[in-house]
Amino acid sequence: MKKFLFLILIVVVSCNKMLDEDVVTNVTDDFYNTPAGFSTAVSAGYAGLRNFYSTERGMTVSVFGTDTYTNGSDGDFKFANQYTSQLNPSYAHLREIWNGFYQAINVCNVVTTRADAIQGLDSAVKVSGVAQARFCRANYYFILLQLFGEVPLNLKENTSIATEAHRDPVAAVYGAVISDLQYAASVLPVSQTDWGRATKPAAEQLLARVYLTRASSKSAVGTDYDSAALYATRVISQYGFQLLPDVGQVWAQGNERNNETVFAVQYINDALYNSADNNACRFFLMQYDVLAGMKRDLANGTPWKRFRPTKFLLDTLYKDRVNDSRYEKFFKRVWFCNTATDKLKVGDTSVYMPGVDVTDAEIAGKKYLYVPPRNYTEKLYPSLNKFADALRPDNQASGVRPFIAFRLAEDYLIAAEAYMKKGDNATAVGYINTLRVRAAKVGANDVETAAHQEAMKITAADLSIDFILDERGRELVGEQLQWFDLVRTGKLLERVRLHNPQGGPNIEEKHLLRPIPQDQIDRSSNEFGQNPGY
Amino acid sequence: MKNTLSKTGVILLYLLLLGTLIRAQQPVNLTGRVTSPDGSPVIGATVAVKGKSNGTVTDNMGAYKLKVSPGATIVISFIGYSPQEIPVNNRTTIDVKLAEDNKKLEEVIVVGYGQQKKKDVTGSIASINSKTIMEVPVTNAQQALQGRTPGIDVINNSAKPGDEPRVRVRGTRSLSAGNDPLYVVDGIPFAGAMNDINPSDISSMDILKDASATAIYGSRGANGVVLITSRKGKSGSRPVVSYSGLYGYVHALGRTDMMNSQQYVDMKREAYRTTGGYDDNNPDASDAKIFNATELANIKRGVNTDWQELLISPGWQTRHSLGVSGGTDKTKYAVTGGYFKDQGVLKLQSYERYNLHVAVDQEINKRITVGTSMLAAYSTRKGSSYNGMGDALKMLPIADPYDANGKLITYPTGDNQQPNALLNYVPGNRVENLYHLRFFNSLYGEVTILDGLKYRLNVGTDLQQNNYGLFLGKNSTDLLIGGGDATATKQSQFVWAYTVENLLTYNKTFNRKHNVGVTALYSVQRQREDSSSASVRGIPVEWQEYYGLGQAANVTGIGSSLGTWTILSYMGRVNYGYDDRYLVTLTLRADGSSRFAPGHKWGYFPSVAVGWNITKERFMEGSTLFDNLKLRASYGKIGNTGIPPYATQGLLGRTTYSFNNKGTLGYSPILLRNPNLTWETTTSTNIGLDFSVLKGRISGTVDVYKQKTTDLLLQKFLPFSNGFDYVLENTGMTQNKGIEVGISTVNIESKSGFNWTMDVNFFINREKILALGEGKTQDIGNGWFVGQPTYVYYDYKKVGIWQTEAAAQVYKQHQGEIQLADVNNDKAITDKDRVILGSSQPKWSGGMTQRFSYKGFDLSIVAFARMGSMIKSDFYATYNTLFGRYNNLDVNYYTPQNPSNEFPRPNSNQERPNNYNTLSYFDGSYFKIRNIGLGYALPKKLMDRWQMESLRFSVDVKQPLIIAPYRQKWKGIDPEDVNTIGIDAPATWMLQFGVNATF
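In order, the protein sequence lines correspond to chains A and B.
Read in order, the letters of the first sequence correspond to residues 1 to 534 in the working numbering.
Read in order, the letters of the second sequence correspond to residues 1001 to 1999 in the working numbering.
There could be a bad hint or two in this list.
[As the list claims (entries may be wrong)] Okay, derived cross-link-like pairs now, BS3-like style, lysine-lysine, Cα gap no bigger than 27 Å in a straight line:
no., chain 1, residue 1, chain 2, residue 2
1, B, Lys1289, A, Lys366
2, A, Lys491, B, Lys1812
3, B, Lys1855, B, Lys1097
4, A, Lys441, A, Lys510
5, A, Lys126, B, Lys1662
6, A, Lys510, B, Lys1855
7, A, Lys345, B, Lys1300
[Said to hold, decoys possible] Part of the chain A face toward chain B, derived, beta carbon under 7 Å:
no., residue
8, Asn106
9, Lys126
10, Trp195
11, Gln266
The hints are simulated quantities; they were obtained by calculation from the structure and are not laboratory data.
Using N, Cα and C, we set each Cβ at its ideal position, and we do this for glycine too.
Chain A extracted, bound-state conformation (with noise of 0.2 Å):
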């Protein structure tokens, strides 16, 4: 008997062992404390861009609700363009793109913070690796504070359950931003082996957007707009980028790596290291695929007709369609038949629109559908092609193709508004022009391609904020910038009340902010303020 006890007593002891929990399939971040683990950190870092550019949340923030763009017939978020009640610290996109943005900064933060206590890591490694780091996070903090105003500034890796969050001011977040950016373009290289990776090219455009966009603000330094040009002219003078030819060559599939690009947001086909959230390519389309003639198909796209363009857009912005090719290169106007019917055959013309009015008799006498603007509707209207993704896997897949965040041509236009504001027209002019000649439509002869340029370009007289928004809206539009471009200048109430029908009637003053997510308000043990209005 004692015997027995005491075996069990020593069954007991080695057992107590057994309760040891060792992690084997999981990483804990001690792995951060390694060479490999810290570059897996500056991937990371990288890996917030894709809960913005190019996604549903991202683009139903800065899409619509525009001048440019209202709602299609589809999506639950038509709310946002039409600046109703639910447009409010509810709304899931805001959440999302909050959320996703701040685990980013984290992880940004645990690259700064732990960076030089890494042994072994090499010194080249470690300064590149933070320089990406800052660029990363100067990126989420300058739309966080685009949308949101005042945020929570947060610059070291956070290990503790911290229940507190505070707002802190513009100025602030704007000062960190610069500095990081600034940090960025000096060390970074001007162009990575890995592309995608940050460059100083890209901080630098960085760089004149943030400027520009403080310069207009209430935390503007007297310097700004000298800043804005100065950053936006070295990128467009000294890295070798140019404006290629053709600007319908811009967003061609297989071309992001092009000579106008200086930082694409990168997406890859390859399932284990894509994104389910890269939906550009469907939001823009029209509802083609129950028309005569149509199929759903990879080439047509996966037609989701969340955004539609505006009649400013159509008619006005790209109302000259003799000399400006912009219009036709971005928008597909035509589709071809896919699945033949009794009356057309594959390849035969099976949707037209023509961009200007036509007659019922016109219309009636073409067995294709004939549709002139007076017969757009929700689901029936010309569609943006950038973002067109023929090499998905299949019509269920999100996209695989990179999304050209900064672009060359947004450099001309922030140093002309920079000129302009500074005074100086006569450059101002300049660069608008150069930008505009290039999309001017190439003609028969050059003596015709000489004529659209000539009409292409513009004088001091015409310059204005209003022209170098328009013309925003010309080059960049479906490009993430319109919101942000319309609340910068001071403009989104006065364009989105004339042009946008479905916003028009209700946006107010509170919405040049977004609402803070109620979840930051309600998970804060202390007072978090809600923007005015909401």
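Given the coordinates of chain A, work out where chain B should sit on it, guided by the hints.
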């Protein structure tokens, strides 16, 4: 394993020889009659020879005939009477009058780590026996519990073959940890699929409900414990061979009411009328705009396809089991082989299972007994994720599935969002299999050390292997929608678990009055789970299905993982009874879990219970009313481990990004370290009363309980600006209180042999969230509200349909759209207008079993009801889009000519109505007849002539009737589902024929 089998073989052989030996003796023919105290014949009483394996059963007149040796002793026994032993003493006729016995009190029931006589039990325990289990055709043990005992809420998740129901004992208490009870099979905790156990291998199930009963299971007892005892052989019984075979015809209980062609065409026209796209002055031109050529031709042709009719066909179920059991006075054995198959009403869904159960108990000498019980199962489940119902419902009635040559049309209307649902039925287009193999063994050895002192070693081993494969061919509907290449997924999982328990028990009665029982336990349980998976796209040759992943064009997902956990436990229990009148039970369990951080690994769970056998008091002597009256009370603490392994350790999550068109791996912090986590603790109080009156004619149990669960593991959400979503913390609190009544009555017990008995149960449970941590009163994201049950429906409240544009415009809405209640009356519909519409908690539940028997006939009716809950129906959310592209539920929608307040006006400019979810909440009450079973056992005389023990034929009608508002008023099929009625295989009824023979 191999040893066990060969040992069994030896024993079987031995028993066959034994039978031959008995025949070699010089027997006499013994006859006689067995009667009850009032002189009526006792039919079916067992008359056996003591110590031997031969015996017989009395016939309709109570008579028996048996060959015995002149010096033998016969044993006569029958349920409800005390068994009698009578030496034959050379007589040839022995008539026996049996004395009634309150046997129920002497009944032994299984409690945690042992057995107790029912009269000594202080906890709240519900028991059901094999007869009850087999009364309803069921696939698994949980279904056998539905409606049969108070306090157990069993809900079928779906009618898919192989799905297991959800079981809750006394409500839901945990918000984020599990709420499933702990299953213990032959003493060993049993995790994973209960489907692995053939219900006919179960001899009893005992459900431990209060703290006194469950606290000895410590950290895993909070959700109740279901003790399952498998069938064992009987000592002193000749080999009994039994066979049972059942075959049932399974039919869908109805069709979802979808629009027919005319209704659909009208709806689509209306959808376009709403948006100005349909000109009634020019209907032909308008139709030509909204319907394509195929559709127009089909409408003209009068095509009206009922896709459900095409996809749903009768299913069937079959079950066979063949077994042999018996024993000598030293050895008991039972071996059963089983086969079960359930072919669903959707062709691609089925569940098939083979079972082998072997139980052997061997007494080695007076001190030592050893034994083993093995449950082996091999099953194949097909189509577990196939949703034929969803496929069928969205197809348009104006779509013709076949072309002129009778071939399937890939896109019947040309819309490639609606590929032909029948394509999934073409062999090779969609293949999905889950192969599952399991060996669950328990072995024990028991040594009597001193009189009353025993040591027992229990060792349980559990091996599980899952092999899952899913292949979607290019022509499966899933892929036709996207138009991609064939995809395949393969997953495998290996689980190895063991339990070792050391038990010391001491039982002794002192001075005839002091009854003492002590139990001490030390145990270890460990589980290791190893899994891997891979998914690919672009299978080059479709016949490879999911067996050639390496040849596919792209890998779309790949992974593997290892998870291990351990629990160490000490437990002590003391039972003390004084004079059979006063009973006390004290338990304490200490559990150590690997899942918690050092310093927080151990938890302690005590309980105390008292019982008072009032009928044993002197003042009750002479009382003829009560046979039994016992009052019980218990109080204790029990735990719930709650967290998955590794949850206390800070974790990084993999991120994906790429540079230069090459993938790059990243890690991002996703979970903060939190070493302070501990168990969820439930404090439970129970007061119960057991009674039996009029010589057992009416007996029953009433229990009242209250449970408070504290330290609930909740995600404490953090302001995301600090980089993290949440940490797990022990902060919440819930409460469950309720009352349970179970009554059994013998309504008629006539001399003519007609008997009518009845079991009725009724129970009410009220869940309430008491705290959500940090003074929060609600957590809208999770749907938790202080003061409410754990699952509520929180949404806008639909008032009706806007009847005029002017009224609608106040809310910036339109005529024909859903009108919502403006709860705070601020003339805008905002988040603040959402309210708690109802909860999935029933107001009350109850069950009833009626049993009738006359001569060889028996009839049983099992029914149950679950009343006053709310349910959400996905049918009304998903197939009610009213925009014209897909078919729609046949609902009474608004049009300017039909001012309905039920459903909104169709609108071609939206994928679904605004606030469509508000259309999907319904009264979830229902009453169901679970089964009507009729049986006939052939008379004894015939059996003797055929040299059989018994032969019984049966007919069952399973689920012949559902009465529910959702079914009768809202044209749904079955409201039984967990919180939301999913779009799934339709509920079914079954007509089953069976035969049961023993030799």
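task = Tell me, in ascending order, the numbers of any earlier hints that this structure violates.
result = 4, 6, 9
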